[in-house]
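Chains as they are written, first to last, in my numbering: chain A, 235 to 498; chain B, 11 to 791.
To be clear, the hints were calculated from the coordinates, so they are not data collected in a lab.
Nothing here was measured: the structure is a model prediction, and the numbers come from that model.
Possibly wrong hints are sitting among the right ones.
Distance condition first, Cα-Cα at most 30 Å in a straight line; then the derived DSSO-like pairs of lysine-lysine [as the list claims (entries may be wrong)]:
hint : chain 1 : residue 1 : chain 2 : residue 2
1    : B       : K285      : B       : K254
2    : B       : K23       : B       : K783
3    : B       : K132      : A       : K260
4    : A       : K273      : B       : K132
5    : A       : K251      : A       : K273
6    : A       : K273      : B       : K32
7    : B       : K569      : B       : K32
8    : B       : K143      : A       : K273
9    : B       : K23       : A       : K260
Computed spacing ranges between beta-carbons, pair by pair [unchecked claim]:
hint : chain 1 : residue 1 : chain 2 : residue 2 : range
10   : A       : A497      : B       : D448      : 34 to 40 Å
11   : B       : A482      : A       : D334      : 48 to 54 Å
12   : A       : E390      : B       : K132      : 56 to 62 Å
13   : A       : V337      : B       : T131      : 55 to 61 Å
14   : B       : A133      : A       : S320      : 44 to 50 Å
Where is the CB? At the ideal position from N, CA and C, for every residue including glycine.
The primary structure of each chain is shown beneath.
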Amino acid sequence: MYETHYHRAGSVDEAAKLMGEAESGKYVAGGQTLIPTMKQRLAAPDSLIDLRHIADMKGISVSGKDVRIGAGTTHAEVAGSSDLASVCPGICSLAGHIGDPHVRHMGTIGGSISNNDPAADYPAAMLALNATIHTNKREIAAEEFFVGMFETALEEDEIVTAVSFTAPDKCAYSKFPNPASRYAMAGVFVAKGGDGVRVGVTGAGMDGAFRWSEAEAALGSDFSAGALDGLSVDAGDMLEDLHGSAEYRANLVKVMAKRAVAAI
Amino acid sequence: MGMEGIGARVARKEDKRFITGKGRYTDDMSVPGMKHAAFVRSPHAHAVIKGIDSSEAEKMPGVIGVLAGAEMTTDGIGSLICGWMIHSKDGSPMNMGDWRPLADKKVRYVGDAVAIVVADTKAQARDAAEAVKVDYDVLPAVTSAVDALKPGAPQIHDNAPGNQIYDWEIGDLDAVDKAIASAAHVTTLDLVNNRLVPNAMEPRAALGVYDEAEDHYTCWTTSQNPHVARLVMSAFYNVAPENKLRVIAPDVGGGFGSKIYIYPEEITCLWASKKTGVPVKWVADRTESFLTDAHGRDHVTTIQMAFDADNKITALKADTIANLGAYMSLFSSVVPTYLHAILYSGQYVIPAIHCNMRTAYTNTVPVDAYRGAGRPETTYALERVVETAARELGVSPAELRRKNFIREWPYQTPVILQYDSGDYEASLDAAMKAIDYDGFPARKAEAEARGKKRGIGMSCYIEACGIAPSQAIGSLGAGVGLWESAEIRVNAVGTVEILTGSHSHGQGHETTFAQLVSDRFGVPIDSVSVVHGDTDKVQMGMGTYGSRSGPVGMSAVVKALDKVEKKAKMIAAHLLEADESDIVIENGQVKVAGTDKALGWHEVALNAYTAHNLPAEMEPGLKETAFFDPANFSFPAGCHICEVEIDPDTGKTEIVKFVASDDFGNIINPMIVEGQVHGGLAQGIGQALLEGTSYDAETGQLLTATYMDYTMPRADDLPSYTVSNTVTPSPLNPLGIKGCGEAGAIGSPPALMNAITDAIGNNNLSMPATPQKVWAAINAA
Ligand SMILES: Cc1cc2nc3c(=O)[nH]c(=O)nc-3n(C[C@H](O)[C@H](O)[C@H](O)COP(=O)(O)OP(=O)(O)OC[C@H]3O[C@@H](n4cnc5c(N)ncnc54)[C@H](O)[C@@H]3O)c2cc1C
Numbered sequence: 235m236y237e238t239h240y241h242r243a244g245s246v247d248e249a250a251k252l253m254g255e256a257e258s259g260k261y262v263a264g265g266q267t268l269i270p271t272m273k274q275r276l277a278a279p280d281s282l283i284d285l286r287h288i289a290d291m292k293g294i295s296v297s298g299k300d301v302r303i304g305a306g307t308t309h310a311e312v313a314g315s316s317d318l319a320s321v322c323p324g325i326c327s328l329a330g331h332i333g334d335p336h337v338r339h340m341g342t343i344g345g346s347i348s349n350n351d352p353a354a355d356y357p358a359a360m361l362a363l364n365a366t367i368h369t370n371k372r373e374i375a376a377e378e379f380f381v382g383m384f385e386t387a388l389e390e391d392e393i394v395t396a397v398s399f400t401a402p403d404k405c406a407y408s409k410f411p412n413p414a415s416r417y418a419m420a421g422v423f424v425a426k427g428g429d430g431v432r433v434g435v436t437g438a439g440m441d442g443a444f445r446w447s448e449a450e451a452a453l454g455s456d457f458s459a460g461a462l463d464g465l466s467v468d469a470g471d472m473l474e475d476l477h478g479s480a481e482y483r484a485n486l487v488k489v490m491a492k493r494a495v496a497a498i
Numbered sequence: 011m012g013m014e015g016i017g018a019r020v021a022r023k024e025d026k027r028f029i030t031g032k033g034r035y036t037d038d039m040s041v042p043g044m045k046h047a048a049f050v051r052s053p054h055a056h057a058v059i060k061g062i063d064s065s066e067a068e069k070m071p072g073v074i075g076v077l078a079g080a081e082m083t084t085d086g087i088g089s090l091i092c093g094w095m096i097h098s099k100d101g102s103p104m105n106m107g108d109w110r111p112l113a114d115k116k117v118r119y120v121g122d123a124v125a126i127v128v129a130d131t132k133a134q135a136r137d138a139a140e141a142v143k144v145d146y147d148v149l150p151a152v153t154s155a156v157d158a159l160k161p162g163a164p165q166i167h168d169n170a171p172g173n174q175i176y177d178w179e180i181g182d183l184d185a186v187d188k189a190i191a192s193a194a195h196v197t198t199l200d201l202v203n204n205r206l207v208p209n210a211m212e213p214r215a216a217l218g219v220y221d222e223a224e225d226h227y228t229c230w231t232t233s234q235n236p237h238v239a240r241l242v243m244s245a246f247y248n249v250a251p252e253n254k255l256r257v258i259a260p261d262v263g264g265g266f267g268s269k270i271y272i273y274p275e276e277i278t279c280l281w282a283s284k285k286t287g288v289p290v291k292w293v294a295d296r297t298e299s300f301l302t303d304a305h306g307r308d309h310v311t312t313i314q315m316a317f318d319a320d321n322k323i324t325a326l327k328a329d330t331i332a333n334l335g336a337y338m339s340l341f342s343s344v345v346p347t348y349l350h351a352i353l354y355s356g357q358y359v360i361p362a363i364h365c366n367m368r369t370a371y372t373n374t375v376p377v378d379a380y381r382g383a384g385r386p387e388t389t390y391a392l393e394r395v396v397e398t399a400a401r402e403l404g405v406s407p408a409e410l411r412r413k414n415f416i417r418e419w420p421y422q423t424p425v426i427l428q429y430d431s432g433d434y435e436a437s438l439d440a441a442m443k444a445i446d447y448d449g450f451p452a453r454k455a456e457a458e459a460r461g462k463k464r465g466i467g468m469s470c471y472i473e474a475c476g477i478a479p480s481q482a483i484g485s486l487g488a489g490v491g492l493w494e495s496a497e498i499r500v501n502a503v504g505t506v507e508i509l510t511g512s513h514s515h516g517q518g519h520e521t522t523f524a525q526l527v528s529d530r531f532g533v534p535i536d537s538v539s540v541v542h543g544d545t546d547k548v549q550m551g552m553g554t555y556g557s558r559s560g561p562v563g564m565s566a567v568v569k570a571l572d573k574v575e576k577k578a579k580m581i582a583a584h585l586l587e588a589d590e591s592d593i594v595i596e597n598g599q600v601k602v603a604g605t606d607k608a609l610g611w612h613e614v615a616l617n618a619y620t621a622h623n624l625p626a627e628m629e630p631g632l633k634e635t636a637f638f639d640p641a642n643f644s645f646p647a648g649c650h651i652c653e654v655e656i657d658p659d660t661g662k663t664e665i666v667k668f669v670a671s672d673d674f675g676n677i678i679n680p681m682i683v684e685g686q687v688h689g690g691l692a693q694g695i696g697q698a699l700l701e702g703t704s705y706d707a708e709t710g711q712l713l714t715a716t717y718m719d720y721t722m723p724r725a726d727d728l729p730s731y732t733v734s735n736t737v738t739p740s741p742l743n744p745l746g747i748k749g750c751g752e753a754g755a756i757g758s759p760p761a762l763m764n765a766i767t768d769a770i771g772n773n774n775l776s777m778p779a780t781p782q783k784v785w786a787a788i789n790a791a
């Protein structure tokens with residue numbers, strides 16, 4: 235790791251101010267992506283601005299079907315929240331399968347979606363839940379927020395403060411983990427609500443997480459795993475690496491989608 | 011004898027310090043004035059070094075010195091060597107390319123060390139290492155051994171034309187070809203034995219200390235064999251004469267073979283300590299471990315097995331190309347030859363055997379022994395071809411094996427080895443019973459009803475431990491002898507120290523070696539200490555690898571105990587005024603048999619040291635040394651059977667049951683043996699299901715250089731094992747031990763692959779059988 239300067243922000247405003255003053259600053263939340271990258275000398279911010287001690291960015295609130303999760307909430311907190319489980323168990327189960335216990339107790343939902351790793355789990359849920367991403371400057375619909383691989387609509391100094399969504403009637407997440415990293419090789423979040431079915435897919439797409447609209451339409455008229463039988467995602471749009479060919483990933487997307495539907 | 015003697019399931023003495031984080035590893039060592047090193051490493055797989063500019067690095071904060079290869083050459087530090095000479099079949103010696111500890115003319119793999127930077131802190135050393143400018147002229151690279159041997163491949167060492175190291179053979183080719191030509195059936199398979207990264211939990215490390223006043227060097231390092239390290243560093247690398255070089259291998263966190271070898275870093279730290287005048291410590295980070303620890307396996311094989319009309323094996327032929335990486339590591343040459351090819355008889359009577367072995371240089375990290383060293387490669391090829399033959403012949407895999415088993419011992423194979431003892435059918439029967447082999451069809455049908463593909467596969471392995479005897483291996487090209495030494499020191503109060511050349515880095519020697527003493531003298535293991543790993547404390551010894559600590563290391567202890575026992579009895583006979591032949595040692599008492607005349611063990615010890623009343627002419631003291639050079643290898647064998655269930659939609663394999671029935675001869679501590687088997691199985695299952703090492707074919711970059719891409723086995727990847735033992739003692743050592751350290755990793759991969767290919771009905775599947783590969787094989791079937 236290169237030498238860097240650590241700053242602890244007490245509020246969102248202070249964090250933004252510190253970022254303005256830094257030469258090449260980076261926000262750090264759980265550090266589960268940023269710190270390994272710095273250790274490998276692939277990132278060298280001169281300042282780290284720690285968001286973990288900002289009270290406003292923490293916690294889960296559930297009121298009726300309205301859910302708000304502070305950006306600084308850890309995966310373990312999401313996984314363990316009984317309030318959240320009572321309205322949207324799918325997201326709790328998703329969070330409970332991210333990485334390992336160490337990662338889940340450090341990593342945050344804000345860090346995960348800001349990083350937008352094409353194999354990260356949360357983006358699939360954000361798309362399927364039609365979530366709104368709150369920042370210190372604006373509100374962004376999930377679909378506008380995730381721009382591409384490791385790319386979001388965030389500006390350099392913009393801070394995600396929370397995500398919010400209306401809990402669907404039913405939802406489930408099904409993930410096939412990469413054998414080495416245990417990130418998603420294909421993760422499919424299916425949400426069924428008043429305005430239809432939404433299907434978010436992560437781990438597989440060349441441009442990061444995406445909505446599988448054909449599946450949404452098919453499930454909208456027949457909500458059963460069998461409704462997906464005739465469908466397929468285009469292997470040409472899939473990622474390909476050591477662990478999975480594009481064809482294999484296309485297959486996994488369908489299999490995971492069917493399993494998510496079957497689990498609902 | 012006793013609660014803590016041979017055969018007792020004693021908890022490991024050393025575990026308290028390991029479990030509580032109190033182990034003392036090389037990185038825990040600190041000496042006054044110590045500074046930290048980082049290596050400048052090649053980012054290219056193959057390049058000419060045109061120049062090195064360290065001027066900027068030298069000016070950076072905390073930097074004490076930047077040293078490169080040219081200076082080391084001037085100082086007369088020698089090149090790294092391979093310690094076993096193999097001759098090609100045309101009689102020519104193997105082509106050993108020059109391996110400089112710090113490359114000065116050319117780099118040959120990504121990670122090749124070019125310079126060392128010494129600085130006040132580790133971070134400063136790393137920052138400065140990055141500022142060293144090396145001017146490279148990048149050359150084309152080759153990473154596969156098959157490609158390296160093709161005409162026109164990049165030439166890696168000038169003295170190895172076409173990158174060939176040797177083209178060696180063993181066995182009777184004519185007889186084999188004739189048997190194949192006249193066979194009723196021939197099964198042929200093309201197989202790849204996947205390359206593995208050893209991944210010891212503790213990364214390699216070295217602390218080199220030069221004492222100018224004494225003109226003496228001390229090296230703390232992560233070694234499985236500190237005496238061999240000292241020998242090689244003084245005799246070949248000219249670091250220092252042996253009497254001026256102390257090598258200490260304190261607690262070592264796993265080796266699996268990768269810490270047998272003497273690497274560039276420890277030599278360089280010692281040399282750099284003298285050059286800079288400060289003690290120099292280097293500890294690898296995980297990326298360096300991936301890039302620079304010697305890898306294992308990497309064979310490409312065509313194997314043929316011929317049968318007569320009665321399904322008796324008539325011949326076996328193996329043709330293999332092995333990848334030895336960019337340089338010949340210390341024992342790299344012997345792994346594919348005398349640790350691999352001569353095992354091709356397996357558990358079977360095979361009248362004619364031939365193995366051809368070509369080895370090649372590639373632009374990858376050196377490849378050397380890794381848990382099993384050569385025998386896993388043999389077992390994989392042999393046990394997959396037997397299983398495949400059974401399928402082709404339409405007979406039960408168990409019965410085909412049974413029909414061809416060796417049933418008389420000693421058994422002379424056509425390829426040098428003579429097996430000591432065994433009962434292969436006993437292991438097979440035990441394993442089949444443990445897994446309820448006969449009930450498999452019903453379980454398969456039940457799984458099918460759930461949409462799962464279920465398969466069963468077995469492997470009947472043999473392996474060879476405690477490579478020996480020294481005279482014979484010398485005639486086969488070994489540069490060292492492979493005996494072991496032990497000294498038993500009985501202290502004046504009766505407590506005992508065992509000084510052994512067998513280094514312990516996870517094997518539990520501190521417990522099992524103490525059990526031998528407890529068994530002999532009836533003293534508690536708590537009063538027995540095992541001293542190892544320090545060339546200043548322990549007499550010359552050969553170290554730990556090849557499952558030799560039991561059959562060879564413990565045998566030396568037994569020989570030394572014999573001498574101590576004899577002297578103790580002489581002293582007791584003198585004091586008790588009895589005949590020496592009437593003295594027995596029982597439960598910590600030295601007694602005249604059949605009487606109540608007795609001395610406590612500690613009283614005999616004290617008498618040996620007070621020397622007030624010893625037999626005439628007897629020297630005081632109670633301390634004896636012995637060296638043991640076995641007459642032959644020992645031959646553990648066994649049967650592993652695995653049952654899997656595969657999800658056809660995703661290709662994911664679940665191991666439903668894994669049984670291992672092993673014959674390790676006599677067992678000193680069953681719990682430790684089970685632990686060794688469990689660990690070995692984890693590594694074998696890792697090889698078969700999870701671990702794949704991948705280099706980019708063009709750039710030679712290691713693509714699987716972190717745990718994000720290299721799949722280390724995790725607890726939830728592994729089943730609960732069912733392990734048991736059958737026992738045929740080895741007649742070749744006093745304890746009847748055969749060795750158990752590697753069998754798990756040797757026997758398991760083919761059992762698993764046989765089970766998976768059985769489940770999916772497609773034999774065209776290579777390790778690691780990842781979900782994607784299994785899914786593709788299902789869909790291609
Ligand atoms: C071993 C391991 C296994 C993992 N497995 C999985 C897995 O299975 N699935 C999965 O989805 N993820 C996995 N992860 C990633 C983990 O979920 C991380 O926690 C997550 O990707 C990043 O969150 P963080 O809070 O740690 O962010 P950090 O690492 O601190 O930051 C990541 C990036 O986001 C920026 N950032 C952080 N917070 C904010 C914010 N509030 N506003 C704006 N920018 C911000 C940072 O500047 C940085 O660029 C794994 C990580 C590890 C180390």
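Structure-based check of all given hints:
{"no.": "1", "hint": "B:K285 to B:K254", "result": "holds, 17 Å"}
{"no.": "2", "hint": "B:K23 to B:K783", "result": "violated, 44 Å"}
{"no.": "3", "hint": "B:K132 to A:K260", "result": "holds, 24 Å"}
{"no.": "4", "hint": "A:K273 to B:K132", "result": "holds, 13 Å"}
{"no.": "5", "hint": "A:K251 to A:K273", "result": "holds, 26 Å"}
{"no.": "6", "hint": "A:K273 to B:K32", "result": "holds, 26 Å"}
{"no.": "7", "hint": "B:K569 to B:K32", "result": "violated, 33 Å"}
{"no.": "8", "hint": "B:K143 to A:K273", "result": "holds, 21 Å"}
{"no.": "9", "hint": "B:K23 to A:K260", "result": "violated, 48 Å"}
{"no.": "10", "hint": "A:A497 to B:D448: 34 to 40 Å", "result": "holds, 37 Å"}
{"no.": "11", "hint": "B:A482 to A:D334: 48 to 54 Å", "result": "holds, 50 Å"}
{"no.": "12", "hint": "A:E390 to B:K132: 56 to 62 Å", "result": "violated, 32 Å"}
{"no.": "13", "hint": "A:V337 to B:T131: 55 to 61 Å", "result": "violated, 29 Å"}
{"no.": "14", "hint": "B:A133 to A:S320: 44 to 50 Å", "result": "holds, 48 Å"}
The structure fails hints 2, 7, 9, 12, 13 (numbered hints given earlier, in ascending order).
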